[in-house]
Amino acid sequence: MSLPDMIGRAALVTAAALSFVVPAGVVPAAAEYPERNIVLIVPYGAGGGTDIGARMLATDLEKVLGKPVTVENRSGGGGWVGWGALAQARPDGYMLGLLNAPSFYTGYLDPQYKRTETLDSFTPLVNHVLDYNAWSVRVDSPYRSVKDVIEAARAAPDKLTIATYGVGSDDHLAVLSNQAESKVRFVTVHYRSTAEAKTQLMGGHIEVLSSNVSEIIEEARAGTLRVLGVMAPQRSQFHPDVPTFREQGFDQDWSVSRGIAGPAGLPPDVAAKLTRALEQVITSKEHQQKAESLGLLVHLVKGDEYRAFLKANETATRKLMGW
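In our numbering, the protein residues as written are -6 to 316.
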């Protein structure tokens, strides 16, 4: 190739390259989020209250965002297999997860675990569900009220058995709080799941079940369990005939909150879009009706208010557990 031809070809290549150069001061348009599917981590096994609510939310969220929202169950470590993965995820909005408070706090507040993660390892977006605690017994149990249980425990300390899901769970904290208020002592038995605890209750191996309202709604409707009381400010819409603990003379208000978060460092524009989309879903009549059919109480709290809510819950958990 002659020198003039070489110079001419070089000029053409240079011109083509320059055509792709962005002028100074002009920022290229970023692709609009989301471009691809989103993963929603559930830190527990399939079929529980957290999983059921998450799948319902994911189905409705993908309609709003226009991209698939895939639920992944990553159970183990008291939920920290899933929460650890979320904390380590790239903060781009394509991996989200369910935060269950107060169970979530045990993994980093309890000094035996030596975890480096904290609430600051996440970007809380919105709270989805507030599921109040309740005590229930078999229908042939002699206990017909919360007072019956407390009096039995007072008459025979360290005899009455009560089941919970895990150390530091909302079920467990509710038991500790009731013990502290009434100055009684139960034998608290921790199970790997509420489903397992219910099986033990129905088999007569334990006497009282401490759980969430949604986890016993089917048994209550079928008449196989007797609900003694709900730890809520007012009667549960799912158990309107069951008095609250306060109505029975016990100042107890306990629940589990289930919300959506991303890893720390989520870009503000992505967090804002996700929050708007989640709010649109959660406040829709269709979503609320589906939640109600499953015994789930939708309770929207978002942004900074949600983070403050989690922080206050963390403080209460630390104090009650002595961590």
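One should not assume that every hint holds.
[Claimed, not checked] Pairs of lysine-lysine residues, derived as DSSO-like cross-links and limited to a Cα-Cα distance of at most 27 Å, are as follows:
(1) K312 <-> K295
(2) K266 <-> K312
(3) K56 <-> K278
(4) K266 <-> K283
(5) K140 <-> K176
(6) K152 <-> K140
[Unchecked claim] Pairwise CB distance ranges (calculated):
(7) R29 <-> A149: 19 to 29 Å
(8) K278 <-> V180: 39 to 49 Å
(9) A149 <-> Q273: 51 to 61 Å
(10) R147 <-> E189: 24 to 34 Å
(11) S186 <-> S138: 21 to 31 Å
(12) K278 <-> K140: 35 to 45 Å
(13) T192 <-> A149: 31 to 41 Å
(14) A305 <-> R147: 49 to 59 Å
Everything labelled a hint here was simulated from the structure, so no lab data went into it.
Beta carbons are placed, not taken as given, at the ideal position from N, Cα and C, and that holds for glycine.
| task | Determine which of the earlier numbered hints do not hold for this structure and return their numbers in increasing order. | result | The structure breaks hints 2, 7, 13, 14; every other hint is satisfied.
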